[in-house]
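Colleague: Chains as they are written, first to last, in the numbering used here: chain A, 69 to 154; chain B, 7 to 458.
Do not take every clue at face value.
Stated by the list, open to error - No more than 27 Å apart at the CA atoms, straight line, and that leaves these computed lysine-lysine pairs for DSSO-like:
id, chain 1, residue 1, chain 2, residue 2
1, B, Lys-252, B, Lys-81
2, A, Lys-75, B, Lys-18
3, B, Lys-330, A, Lys-115
4, A, Lys-134, B, Lys-9
5, B, Lys-394, A, Lys-124
6, B, Lys-117, A, Lys-134
7, B, Lys-18, A, Lys-124
8, B, Lys-173, A, Lys-119
9, A, Lys-73, B, Lys-18
10, A, Lys-115, B, Lys-9
11, A, Lys-134, A, Lys-118
12, B, Lys-330, A, Lys-124
13, B, Lys-173, B, Lys-127
Said to hold, decoys possible - From the structure, some residues in chain A lie toward chain B, with a derived Cβ separation under 8 Å:
id, residue
14, Asp-93
15, Val-97
16, Ile-100
17, Gly-101
18, Val-117
19, Thr-120
20, Lys-124
21, Glu-126
22, Asp-135
23, Gln-145
24, Thr-151
Hints were generated in silico from the structure; no laboratory data involved.
Bear in mind the structure is a predicted one, so any value in this text is a computation, not a measurement.
Where a beta carbon is used, it is the ideal one built from N, C-alpha and C, also for glycine.
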Amino acid sequence: MSQLKIKSSIAISETGFLFMPNTGDSFSVNPIGVEIIDLLRQGKSEKEVKKTILSKYEIDDATLEKDYDDFLNQLKQHNVADTDEN
Amino acid sequence: MAKLRYERPVIKKLNTNFTNKYGTKTEYSPVTHIEGVAVKDLISKYGSPLFVISETHIRNTYKNALRAFRTRYPKVQFAWSYKTNYINAVCNVFHQEGSWGEVVSGFEYRKALNNGVPPDKIIFNGPDKTDEDLIAAITNGSRIHIDHLDELYRIIELTDELKMRPKVAIRVNMNTGIYPMWDRFGFNYENGQAWEAIIKILASDRMDLVGLHCHIGTFMLSSNAYAVAASKLADLALGIKIKFNKNIQYLDMGGGFASTNTLHGSFLPGKDTSPTFDEYAEAISTAILQSGFPPNELPLLILETGRALIDEAGYLLGSVISNKRLSDGRRATIMDFGVNILFTAFWYSHKISPAQEFSHYTEDSVIYGPLCMNIDVIRESCTLPPMKRGDHVVVHTVGAYNMTQWMQFIAMRPSVVMIDTKGEVHQIRDKETLEYLEQKEMMPQYLKKFTL
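If we strip away everything but chain A, and leave its shape as in the complex, we get (with noise of 0.2 Å):
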């Protein structure tokens, strides 16, 4: 999967409240949602994002990558995030 690149208008609250002010949708997104999107927000790799995951919770390398390719899924269908085409 190319690299996704989280909408740079899209507000996100510690609490996981996100909004898009250009569609007015609103979201909850868990904590580890919320830690995934801010690590992509900064810039971060896949492999980073992944990395940093894998080394704070308690999750084996499988179910991630499942989990991680599902949410990221998930916030392109949402129109939260695009694919980076630069």
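Guided by the hints, dock chain B onto chain A, whose structure is given.
Modeller: This is chain B only, laid out in the frame that chain A set:
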């Protein structure tokens, strides 16, 4: 440093609609223990999936039902409906509480006898009683509830052969204002069939007409229908008294009381829509008491309640096999239990709880069973926290009909345990094996070998 507990990353769109005045309670409060026994311990010892029955719950529910009727009517007798759950240990809890047995087939009848129920305290219902069944019931002095005229004439023939007077009742069907009307069983009240059957029995003088029976439907959400039914049965009994000077010993109101399960398509949860035992008792007792029986000739009131007595005492424990995303973006969770052992998923939206602690984030998910069949859907939509492979769930209110209507199909039937009133766990049925399954198969000699 110890690692933190992982939870799958989740994003959920927040929808703002009109406020729902009823509100909806989310279902994700974890249920980690049943009657003080840890779900994970039960699964590690007996496997997953696993049916769990709470003896305490059965006894408490039974006592509550008995109280509701006995405080309103002087003579009440429950008869345990074997078809609802005929695992012997379950039946015997009801028998210990004082229930007679109510059976609808020859093997259920023998089960009740084997359990030690006195033959005269077994009610034999149903349209299919073989000669062997009828002879056993007549010889043993059990109560035969006649379903149709062919059965009535056969009993008359058998009494000639056996030179015995059986104790019989007739099943009466009637219009109680409920759709559908269950008129396929018994003799109709409105068109006079029931009265004709009564006259035939009394005129034959070969059997004792001891009772009148009805069973107006199943999962009855209106207690008033029982009041109508009780009035009509009482009317027949009083008619027999007037015309034949004969007292009918009992009125058997059958079963059909709703449990607290939620039917598919129901707007409100079952807990809010199902009548209580007190409401059913009030309707039935008032109708009989006001029907005109002299106080010293009030008939015994028999109840064959099954579902409402056992449903809530049963739990199904299971585990997550996999999570997936469907083509339309919906979440799907595949469990290790399917509709082959949870037959009631076809008409109930069973409550499902996670069996371990979770955060407050939830997702709507379709819950599928493990069968390679498209119909294997446990819940079309269920709000649950993110779960991963191997996590456990508890399905609630599964005690009625699942452990009798279940089938071995693709997956085998699992073990059943009962937690007694002291919190001890007893296995009351072992899970099936291939050897058990193949016991009844025969292989013709010429099919034993093949080459591929």
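Colleague: With reference to the structure, classify each hint as holding or not holding.
Modeller: We went through each hint and held it up to the structure:
Note on B/Lys-252 and B/Lys-81: the hinted pairing holds, with a Cα-Cα distance of about 19 Å set against a maximum of 27 Å. Straight-line distance between C-alpha atoms of A/Lys-75 and B/Lys-18 comes to about 17 Å, which keeps the hinted pair within the 27 Å bound. Only pairs whose Cα atoms come within 27 Å are accepted, and B/Lys-330 paired with A/Lys-115 is accepted, the gap being roughly 23 Å. Of the supplied pair hints, the one linking A/Lys-134 and B/Lys-9 holds, its CA atoms being roughly 20 Å apart against a limit of 27 Å.
About 18 Å separates the Cα atoms of B/Lys-394 and A/Lys-124, which keeps this hinted pair within 27 Å; it holds. Between B/Lys-117 and A/Lys-134, the direct Cα distance comes to roughly 51 Å. Violation of the 27 Å bound is thereby established for this hinted pair. A hinted pair counts as satisfied when its Cα atoms are at most 27 Å apart, and B/Lys-18 with A/Lys-124 qualifies at roughly 24 Å. A hinted pair counts as satisfied when its Cα atoms are at most 27 Å apart, and B/Lys-173 with A/Lys-119 does not qualify at roughly 78 Å.
With a C-alpha separation of about 19 Å, the suggested pair A/Lys-73 and B/Lys-18 falls inside the 27 Å cut-off, and the hint holds. At most 27 Å may separate the alpha-carbon atoms for a hinted pair to count; A/Lys-115 and B/Lys-9 meet this at roughly 19 Å. Using a Cα cut-off of 27 Å, the hinted pair A/Lys-134 and A/Lys-118 holds, with the two alpha carbons roughly 11 Å apart. Note on B/Lys-330 and A/Lys-124: the hinted pairing holds, with a Cα-Cα distance of about 25 Å set against a maximum of 27 Å.
With a C-alpha separation of about 11 Å, the suggested pairing of B/Lys-173 with B/Lys-127 holds against the 27 Å cut-off. At a threshold of 8 Å, the smallest CB-CB gap from A/Asp-93 to chain B is about 6 Å, leaving the interface hint in force. The beta carbon of A/Val-97 comes within 5 Å of a beta carbon in chain B, closer than 8 Å, and the hint placing it at the interface holds. Of the supplied interface hints, the one on A/Ile-100 holds, with its beta-carbon coming within about 5 Å of a beta-carbon of chain B, less than 8 Å.
Interface restraint check: A/Gly-101 against chain B, minimum CB-CB distance 4 Å, threshold 8 Å, status holds. The interface hint given for A/Val-117 is violated, since its Cβ lies 10 Å from the closest Cβ of chain B, which is over the 8 Å cut-off. The closest approach between the C-beta of A/Thr-120 and any C-beta of chain B is roughly 12 Å, which is over the 8 Å cut-off, so the hint fails. A hinted interface residue such as A/Lys-124 counts as satisfied when its beta carbon comes closer than 8 Å to some beta carbon of chain B; here the least separation is about 6 Å, so the hint holds.
Because the smallest distance between the Cβ of A/Glu-126 and any Cβ of chain B comes to about 4 Å, under 8 Å, the interface hint for this residue holds. Using the Cβ-Cβ criterion of 8 Å, the hint placing A/Asp-135 at the interface with chain B is satisfied: the shortest such distance is roughly 5 Å. At a threshold of 8 Å, the smallest CB-CB gap from A/Gln-145 to chain B is about 6 Å, leaving the interface hint in force. A least Cβ separation of about 17 Å between A/Thr-151 and chain B goes past the 8 Å threshold, and the interface hint is therefore violated.
When each numbered hint is compared with the structure, violations occur for hints 6, 8, 18, 19, 24.
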